[in-house]
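Student: Its first residue numbered 12, the first sequence is counted upward by one per residue in my numbering.
Keep in mind the hints are simulated off the structure, nothing from the lab. Be a bit skeptical, because a hint or two may be false.
Here are the computed lysine-lysine pairs in the DSS-like style, where the Cα-Cα straight-line distance is at most 30 Å [to be verified]:
no.: 1; residue 1: 508; residue 2: 74
no.: 2; residue 1: 428; residue 2: 335
no.: 3; residue 1: 473; residue 2: 135
no.: 4; residue 1: 779; residue 2: 878
no.: 5; residue 1: 193; residue 2: 562
no.: 6; residue 1: 567; residue 2: 340
no.: 7; residue 1: 744; residue 2: 510
no.: 8; residue 1: 361; residue 2: 284
no.: 9; residue 1: 335; residue 2: 284
no.: 10; residue 1: 135; residue 2: 428
no.: 11; residue 1: 564; residue 2: 193
no.: 12; residue 1: 335; residue 2: 419
no.: 13; residue 1: 403; residue 2: 361
no.: 14; residue 1: 389; residue 2: 564
no.: 15; residue 1: 403; residue 2: 428
no.: 16; residue 1: 154; residue 2: 428
No experiment lies behind these values; they were computed from the predicted model shown.
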Amino acid sequence: MELFEWLISMDEKHWLSSNFQPLDILKDSMQIEKVYEPQRFESQWADWWVEKGCFRADADSGKPMFSLVIPPPNVTGSLHMGHMLEHTLIDMTVRWHRMRGYNTLWLPGMDHAGIATQMVVERKLLKEENLRKQDLGREEFVKRVWQWKEESGGAILNQMRQVGASVDWSRSRFTLDDGLSKAVREVFCGLHERGLVYRGEYLVNWCPRCETALSDLEVAHEDVEGSLWHIRYPVVGTDEYLIVATTRPETMLGDTAVAINAKDERYLHLHGKTVRLPLMDREIPIILDDMADPQFGTGVVKVTPAHDPNDFEAGRRHDLPRIKVINEKAQMTALAGEYSGLDRYEARKKVVEALEAHGLLVKIEPHPMSVGKCDRCKTVIEPMLSEQWFVKMRPLADKAIAAINEGKIDIQPENWKRTLLYWLENIHDWCVSRQLWWGHRIPAWHCKSCKEITVARETPEKCHSCGSTDLVQDMDVLDTWFSSGLWPFSTLGFPEKTKELEVFYPTSLMIMGYEILYLWCARMTMLGLEFMGDVPFRNVYIHGIVRDADKQKMSKTRGNTVDPLDITAKYGTDAVRMALLTSAAPGADIVWTEDKLPSSRAFANKIWNASRFLFMNMERAKVEPQIPEMGTIEFLEDKWIWSRLHAAAETISKAIESYRFHEAAQTMWHFFWSDFCDWYIELKKLRFKDESGIDDNWRNILNVFETALRLLHPAMPFITEELWQRLNPGEGKSIAVANFPVGGETDSAAVEEMERLQEIITRIRDLKTAQRSVKQLTMQGEPVLIETAKNHSEAIRRLAGVELTYEETPGQALAFTGIEISDDQRARIAKDIEQLEKVIANSNRQLSDEKFMSRAPAHIIDGIRKKLAEYELQLAKLRSELA
RNA sequence: GGGCGUUUAGCUCAGUUGGUUAGAGCACUUCCCUUACAAGGAAGGGGUCCGGGGUUCGAGUCCCUGAACGCCCACCA
Numbered sequence: 012m013e014l015f016e017w018l019i020s021m022d023e024k025h026w027l028s029s030n031f032q033p034l035d036i037l038k039d040s041m042q043i044e045k046v047y048e049p050q051r052f053e054s055q056w057a058d059w060w061v062e063k064g065c066f067r068a069d070a071d072s073g074k075p076m077f078s079l080v081i082p083p084p085n086v087t088g089s090l091h092m093g094h095m096l097e098h099t100l101i102d103m104t105v106r107w108h109r110m111r112g113y114n115t116l117w118l119p120g121m122d123h124a125g126i127a128t129q130m131v132v133e134r135k136l137l138k139e140e141n142l143r144k145q146d147l148g149r150e151e152f153v154k155r156v157w158q159w160k161e162e163s164g165g166a167i168l169n170q171m172r173q174v175g176a177s178v179d180w181s182r183s184r185f186t187l188d189d190g191l192s193k194a195v196r197e198v199f200c201g202l203h204e205r206g207l208v209y210r211g212e213y214l215v216n217w218c219p220r221c222e223t224a225l226s227d228l229e230v231a232h233e234d235v236e237g238s239l240w241h242i243r244y245p246v247v248g249t250d251e252y253l254i255v256a257t258t259r260p261e262t263m264l265g266d267t268a269v270a271i272n273a274k275d276e277r278y279l280h281l282h283g284k285t286v287r288l289p290l291m292d293r294e295i296p297i298i299l300d301d302m303a304d305p306q307f308g309t310g311v312v313k314v315t316p317a318h319d320p321n322d323f324e325a326g327r328r329h330d331l332p333r334i335k336v337i338n339e340k341a342q343m344t345a346l347a348g349e350y351s352g353l354d355r356y357e358a359r360k361k362v363v364e365a366l367e368a369h370g371l372l373v374k375i376e377p378h379p380m381s382v383g384k385c386d387r388c389k390t391v392i393e394p395m396l397s398e399q400w401f402v403k404m405r406p407l408a409d410k411a412i413a414a415i416n417e418g419k420i421d422i423q424p425e426n427w428k429r430t431l432l433y434w435l436e437n438i439h440d441w442c443v444s445r446q447l448w449w450g451h452r453i454p455a456w457h458c459k460s461c462k463e464i465t466v467a468r469e470t471p472e473k474c475h476s477c478g479s480t481d482l483v484q485d486m487d488v489l490d491t492w493f494s495s496g497l498w499p500f501s502t503l504g505f506p507e508k509t510k511e512l513e514v515f516y517p518t519s520l521m522i523m524g525y526e527i528l529y530l531w532c533a534r535m536t537m538l539g540l541e542f543m544g545d546v547p548f549r550n551v552y553i554h555g556i557v558r559d560a561d562k563q564k565m566s567k568t569r570g571n572t573v574d575p576l577d578i579t580a581k582y583g584t585d586a587v588r589m590a591l592l593t594s595a596a597p598g599a600d601i602v603w604t605e606d607k608l609p610s611s612r613a614f615a616n617k618i619w620n621a622s623r624f625l626f627m628n629m630e631r632a633k634v635e636p637q638i639p640e641m642g643t644i645e646f647l648e649d650k651w652i653w654s655r656l657h658a659a660a661e662t663i664s665k666a667i668e669s670y671r672f673h674e675a676a677q678t679m680w681h682f683f684w685s686d687f688c689d690w691y692i693e694l695k696k697l698r699f700k701d702e703s704g705i706d707d708n709w710r711n712i713l714n715v716f717e718t719a720l721r722l723l724h725p726a727m728p729f730i731t732e733e734l735w736q737r738l739n740p741g742e743g744k745s746i747a748v749a750n751f752p753v754g755g756e757t758d759s760a761a762v763e764e765m766e767r768l769q770e771i772i773t774r775i776r777d778l779k780t781a782q783r784s785v786k787q788l789t790m791q792g793e794p795v796l797i798e799t800a801k802n803h804s805e806a807i808r809r810l811a812g813v814e815l816t817y818e819e820t821p822g823q824a825l826a827f828t829g830i831e832i833s834d835d836q837r838a839r840i841a842k843d844i845e846q847l848e849k850v851i852a853n854s855n856r857q858l859s860d861e862k863f864m865s866r867a868p869a870h871i872i873d874g875i876r877k878k879l880a881e882y883e884l885q886l887a888k889l890r891s892e893l894a
């Protein structure tokens, strides 16, 4: 695997590349391209991060750690938008922790994905070479799957690298690696020793196309409009009939009883008699069993223990024979008499025809029902009598329930906790054997002489029972989720007692989609508790899934998948990440449409051009990345922007910690675009009219900008690295390991003054939409407003385009004279007045309401009083404008 | 048969413990090619928060109920 080796080797030699200069364009930071072209630099930074080893975790660092293992993508092809969402959420979290100084591990890897991958390769073989797996034989076929794995795995690694996933490549794992395979054997044997593994013949979910057993979770139920066939079974020795109702007439060939309810007086007299099974001419008993519901159909049920889970249980209760009339390929067996060899649906047709011909078909009713399909290939599942390996889940689940209830794992959004608990409380045993070739062989050996089974970690010399050396390993492999269930500790070295396990286990956080909550999350929890003695992760965050524009789940069979690399090539990776993040509200699925992309690309472009403005104007002064003391800052806009930045930093940190990724992203967006670009830079431009103070101003701008880049980095790693390096405060160090802004002192007086200034400027701009030529206005208002306006008259002149004269009017709101207002504005103002009058009346009503005054908290009342005063000022202002 | 989610501006969605005139992006209207950015700037229009009841001084937010859509679980012959 070329790419993978390269990634590793680059990672390995990070220590000798400390003076590495990544891009020649760094040489002249004064030059910056007019057009934002992410394609020019993204790939290089992706490589550089790996070469520098920025993402390596250190098991020996004494620092507080943050660890997270990736939900390993299946090697069934390439990653889709859902992966990109997941990786973006994880990456934001991981980068943020790394920048906060944590010893951060994001462990990457992939899953062999048993059935799924085997199926992909089978299809490919059939299509390209017209070969079936049997044509190749097991060994050769598995070789082909490994070839495919290299191909698919390579594509996946490349995608992850391209989108900036900050994983520790040196710790990448694959579920079929030697170490992980050892973990699998250890756990299987461990479960066996605990008496939690058993093998036996049971009715299992069988996929006739994949020709393997499946667990309950791998069966997808689908509602279909079925039929209920009513069939007459003649009662032996009488003229009577019992009419049974069935959704699967072909299974009647394997009937071994007919059941009636003991409370059902209609049929009670027939108990003890037998019926003659039509078509097969077999006599079968009439039994009493609660499975027959007098309310349903005719109240009589045919019993087919070999082909229906209910009937299987009934068969056990009544010791009925099991006649298997359908085989592993869903064809009728020799026991199906003349129907032998037919496909199950052909057989159904023929059986119904024959019954009709014999006058035994009473009626056919439409009957809504659900049919189980193979989750992978959508073939209708056949309940099949089959010898399989099972894990007894109850004791494992109980430990998991206890751990979750004790709060050892926090699950967010919280409703998933209940869902998970419900499943654990109602858990069934887990069929873990699969009749596949791709996967971990079950570590069990069958003795050819005494038929006993030896379960062992290593290939045994001889049978544990009779000592014979004539052993053959079980042909089955384990459910792919068996190895996935060990992922949080098998990847860290289990069963060896490694430093990694000691340091990084339990992992800090698991971020995953809800579609694998049971399949994966539940099993990791159970197996982690059982074999590590502790939960596999302290926190779980369940994200939504990505849907297409029609809200359909994305899947290859639907053909609605999107290759992230196509999209990132078009819009830039940072833009795609941003688009995903801004729509990633907790608990919500994401509807993927490309029309979200232009605006986030515009945001990236905005960052790019803000820096362009800086680079074009500044001397290449070295910026010390330090936040100035609030008291030492001279200018209002600086005090204000630092206050805003500190607030943003805190909001973002809190948002990331509580998985409110969209809030983090929106805060970044708003801070950078509205505060920094639209106000701060616009105000700063005005400072450069004369030479005095230029250095200080630039230092401030650069300082803010540099800090803002660090603020944005967890969401937009590429553009922030590119610009940060051009700014070059870290001298060859990556922004990925710089500090995340921690917030700090805010100056509320400055913030308020700035808000006043913003209001004045915005008001004037609004007034001027009708009469742009007006250059002179008289401003009226409270002394504090006048003072602000006077202090910033230059800003007002330049940003609003007017020269002000002032008229203090204590007790009155901001107003301007010297300008005509348009009819449109007049209408708007009239409407605003109406609105205000309503609000004022409402406030007054509240303030005179005894109940409100006595029960509402003081700060709410104060707030309303204050607001009321403002409303009244505003109202006065608006009225005077209309006058 | 159980359980869960969603329903807020034309579109896609935010709205953490109930609290002061309900927000964003896109789209739309008007003006501006002002040398960082037209992938831009400025200003603006647009919402009976799905319906009905209730709790409360106060409900988009809590409770009950109904509807529509979606998802998950379930051995519904």
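Student: Is the straight-line distance between the alpha-carbon of residue 428 and that of residue 335 30 Å or less?
Tutor: violated, 41 Å
Student: For the pair we were handed, residue 473 and residue 135, check the Cα-Cα distance against 30 Å.
Tutor: violated, 40 Å
Student: Are the Cα atoms of residue 361 and residue 284 separated by 30 Å or less?
Tutor: holds, 28 Å
Student: Within a Cα-Cα threshold of 30 Å, do residue 154 and residue 428 meet the stated pairing?
Tutor: Between residue 154 and residue 428 the Cα gap is close to 41 Å, so the pair fails against 30 Å, i.e. violated.
Student: Assess, step by step, whether the Cα of residue 403 is no farther than 30 Å from the Cα of residue 361, and give holds or violated.
Tutor: violated, 41 Å
Student: Next pair to validate is residue 564 with residue 193; report whether the Cα-Cα distance is within 30 Å.
Tutor: violated, 36 Å
Student: Does the structure keep residue 508 and residue 74 at a Cα separation of 30 Å or less?
Tutor: Judged against 30 Å, a Cα distance of about 21 Å means the pair holds.
Student: Run the distance test for residue 193 versus residue 562: straight-line Cα separation, threshold 30 Å.
Tutor: violated, 42 Å
Student: What's the verdict on residue 403 and residue 428, does the C-alpha distance respect the 30 Å limit or exceed it?
Tutor: Distance ~23 Å between residue 403 and residue 428 Cα, so the pair holds.
Student: Taking 30 Å as the top limit, are the C-alpha atoms of residue 779 and residue 878 close enough?
Tutor: holds, 27 Å
Student: Please work out if residue 567 and residue 340 have their alpha carbons no farther apart than 30 Å.
Tutor: With Cα atoms ~25 Å apart, residue 567 and residue 340 stay inside 30 Å; holds.
Student: For a C-alpha distance cap of 30 Å, please report whether residue 335 and residue 284 respect it.
Tutor: Cα-Cα ~24 Å, so holds.
Of the numbered hints given earlier, the model fails hints 2, 3, 5, 10, 11, 12, 13, 16; all others are met.
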